[in-house]
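Residue numbers (my numbering), protein chains in the order written: chain A, 856 to 1012; chain B, 856 to 1012.
The set of hints was computed from the structure by calculation and includes no laboratory data.
Hints are supplied without guarantee of correctness; some may be wrong.
You can't tell identical chains apart in this list, so a pair holds if it fits in one copy or across any two.
Claimed, not checked - Pairs of lysine-lysine, DSS-like flavour, derived with a Cα cap of 27 Å:
| hint | residue 1 | residue 2 |
| --- | --- | --- |
| 1 | K876 | K949 |
| 2 | K917 | K888 |
| 3 | K984 | K945 |
| 4 | K888 | K984 |
| 5 | K984 | K917 |
| 6 | K888 | K945 |
| 7 | K876 | K984 |
| 8 | K949 | K917 |
| 9 | K888 | K949 |
| 10 | K949 | K984 |
Bear in mind the structure is a predicted one, so any value in this text is a computation, not a measurement.
Protein chains: 2
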Amino acid sequence: MPDLRRPERTYTIRQLCIEFKVTPRALRFYEDKGLLSPAREGLNRVYNYRDRARLTLILRGKRVGLSLADIREILELYSPDDGGAAQAAKSLRKFRDQIVALEAKREDIDHALESLREGCAGMEARLAKTRPDLLPAEAEAAQAAGARLDAVHEFAK
Amino acid sequence: MPDLRRPERTYTIRQLCIEFKVTPRALRFYEDKGLLSPAREGLNRVYNYRDRARLTLILRGKRVGLSLADIREILELYSPDDGGAAQAAKSLRKFRDQIVALEAKREDIDHALESLREGCAGMEARLAKTRPDLLPAEAEAAQAAGARLDAVHEFAK
DNA sequence: GTCAAGCTTGACGTTAACGTAAGGGTGACC
DNA sequence: GGTCACCCTTACGTTAACGTCAAGCTTGAC
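With the hints as constraints, model all of the structure from the sequences given.
As structure tokens, then:
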């Protein structure tokens, strides 16, 4: 029984599905869209280590909000199919575009987290006054840090 | 002509649409889904400062990949409609859930950015060997930092 | 030999988040 | 008084990313 991550290992569709908690339909769909292209054994799909790596990238891309089309573009950037220096220069531009877009997303997330944390602190302060018994254990730290009740209302910017 | 951000200001649907680069249809849709509820002047919608603030939150939520349903839940957390301490405790849990989810997303973005930057560096190194003339201006820094060509292939994890 | 498990390819259904067109009201301007 | 330029509602269309059957092949277990 080989290590689940040994490079020479191969996977059935179901094995990958279980590992990554997706459905066979999804994997076939990604294949349809050109994001995966596993080998075949007769009719059956056989995924190898590279396919598995691509899948992790696909799912990560999805989690950060990229469309399958975007993800496909990125995956194509990594495959040295090439087409000459002009193509490479174009790829480089796309890489940079994606980096800029993701950095913006990171900013948004940071803002959102800040708002949420403020709202959270407000809630904790409020609960601390009325029903401290309902507070989760680690909330005292937030209180000690000086949570202000009116933070609830500062949700805009 | 009042300051565009004075709290007492109101906005027509079109004004908000232009400012935030969305369509009237989108704003009406958000209203349909319970994320906005502007006042009316006859039939016409009249948005105030609070509505505008909610809209910024809605769009930010969208950019970080939340569904309108998620965003609505969060918005409801901020409105002190209340319902007692039990309700507040529930809200607090939801706040924390969202925070945890967003932190995970941040992690994903950081991973993705790392991969992209490696790929980018690989591309730059490659171009530097073949057609340095096609390189954008600031690329030398990356070269000096020791970009390795085979980084292109380390896209998995 | 047949039965269930797991694979395959269609092909139609579904949900979210709007787009788009149809039809109609109101006020301002020339 | 016609024609913009807005605004409204209703309703059907669209795209992405699958879900959900349906029908059929293979293969090991009993």
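Intra/inter-copy verdict for K917 and K888 if alpha-carbon distance must be at most 27 Å: both (14 Å within a copy, 24 Å between copies)
Copy assignment of K984 with K945, given that the CA separation must stay at most 27 Å: The answer is between: 16 Å across copies meets 27 Å, while 59 Å in one copy does not.
K984 and K917: within-copy, between-copy, both or neither at 27 Å Cα: neither (41 Å within a copy, 34 Å between copies)
Intra/inter-copy verdict for K876 and K949 if alpha-carbon distance must be at most 27 Å: This pair counts as between: shortest inter-copy Cα distance 24 Å, intra-copy 30 Å.
Same-copy or cross-copy closeness of K876 to K984 [CA-CA at most 27 Å]: neither (43 Å within a copy, 42 Å between copies)
Intra- versus inter-copy proximity for K949 and K888 (alpha-carbon distance at most 27 Å): within (20 Å within a copy, 36 Å between copies)
Copy assignment of K949 with K917, given that the CA separation must stay at most 27 Å: Cα proximity of K949 and K917: in one copy and across copies (18 Å, 23 Å).
Within, between, both or neither, where K949 and K984 count as close if Cα-Cα is 27 Å or less: between (53 Å within a copy, 20 Å between copies)
Intra- versus inter-subunit Cα pairing at 27 Å for K888 with K984: neither (55 Å within a copy, 33 Å between copies)
Homomeric proximity label, K888 with K945: Cα distance no greater than 27 Å: Within one copy only: 22 Å inside a chain, 41 Å across chains, cut-off 27 Å.
In summary, the structure is inconsistent with hints 4, 5, 7 from the numbered list given earlier, while agreeing with the others.
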